[in-house]
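Chain residues, written in single-letter form:
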Amino acid sequence: MIRGRSQASPEELAELVRKVAGGDRKAFARLYQHVAPRLFSVILRIVRDEPAAEEALQDVFVRLWQKAGSFDPQKARVTTWLNTIARNRALDEVRGRRGEVVSGLELSLFEDQVSPGPAQGAHHAGVARALTLCLDELESGQRQSVLMAFYEGMTHSELADAMEKPLGTVKSWVRRALMQLKVCLDRGGHRETV
Amino acid sequence: MKLSDPDLREMLAAEYVLGTLTGGARRRFAREMTADPELAGIAGQWESRFNGLADGVDPVMPGPWVWQRIERRLGFTAQPGGDAQPVRWGAGFWRGATGFAAAAAAVLAVALFVQDPVVREVPVEVPVEVRVPQPVEVDRMAAVLTGEQARSAWMVSGPETGERLTVRVLNPEPLPAEKAYELWLLPEGENPISLGLLPTSGETTIQPPPELRELIGPGSALAVSLEPAGGSPTGLPTGPVLYQGTSQVL
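Just so you know, the sequences run in chain order V and G. Counting from 648, one number per residue, gives the positions in the first sequence under the working numbering. Counting from 1005, one number per residue, gives the positions in the second sequence under the working numbering.
Everything labelled a hint here was simulated from the structure, so no lab data went into it. Keep in mind the model is a prediction, meaning the values are calculated, not measured. Don't be surprised by glycine CBs; every beta carbon is placed ideally from N, CA and C. Among the hints, a few may not be true.
Said to hold, decoys possible - Derived contacts from chain V toward chain G, CB cut-off under 7 Å, selection only: (1) Asn-730; (2) Ala-796; (3) Val-821; (4) Cys-831.
Next comes chain V alone, as it looks inside the complex:
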């Protein structure tokens, strides 16, 4: 695991974004230093083409520079926000190649319209742990399809091909996995409600 300079606390990152919103280029550079490698990894896994991934990463940071002022740390963590932009940009890239247009979701995370999400501040570590626990509870085909969809940006049919299962099976795996994850996460990853 990464230690040292590249691991900044959510508060530090939020502070950097605040400074970026004020036009602070040094803060922008530091933020890049902290988050670019992970975002690049997220994008690269989905796009699987280095020049296209580099282009996407540039877009993410150009957008970050322009939109930093509308980021609200009360509503989402910096990494959630940036991961969302990065994943959507990456999905746009691969879906675009298939002739689809996808617009970003990141609006929902930083514009005024949103009620606070479940994963803020100190609460987040617990959510991440809960996610791991809840993924473990899934049946293996379900878990695998969710993880491949998330990390590789695979569609239902790509999942079906990759796992050599009928499309309908994979679709219902994904759906059941998501429902089960929600139920499990809503009770904080614990097996039983108290």
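Since chain V is already given, all that's left is putting chain G on it; use the hints.
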């Protein structure tokens, strides 16, 4: 269209975020969200739920040109003629040491391309002799010292003149008690020459004595050995060599 069924709203939001909602359904959902803040909020919650997954990926360092292009696109830097492609550092180098090497790139990007242009003050630590702060050249070469399994432990960079070496700690193995990491210059056909002890956190500047400077330049081989606290008692490496690297022109 107004999505009203709560279960359907939840499921579409989840599949949208996961990326398995595709085609027209994806477009419609995205449109719907802009008009339906509560729906966007549900999707936002899914983003937060999944965020731990994205945080868990192994970082991959983008090449330094990515940052340069971002700066250019935002008008931070003057437009040079054409697109500055990396000439000497292929993508292979950057990708070579997986995992932690990402940090090296990030550090590099900041150290080399973000810093104030051309001159900066000499850091005022390590007062070996009375020195007047003076402008020094920017870093023109760098070596990433790597160990087993391509673990990137330190990055050493400096001007080609060898008058200064900046050492940034990346990810060395924790130092055993009563031990120190010592940095060695390995001149061809000669005994290793100590460049001093290495820090295990933060950043430090080494000012090689004048007689060593001509030995330091692009292509210089560097190594790190494990020594007793305080450094090698003999003036030569006495412990195992754990990390090595060769300085490259940037």
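Going through the hints against the structure:
no., hint, in the structure
1, Asn-730, "holds (4 Å)"
2, Ala-796, "holds (5 Å)"
3, Val-821, "holds (6 Å)"
4, Cys-831, "violated (10 Å)"
This entry does not satisfy hint 4, going by the numbered hints stated previously; all others are met.
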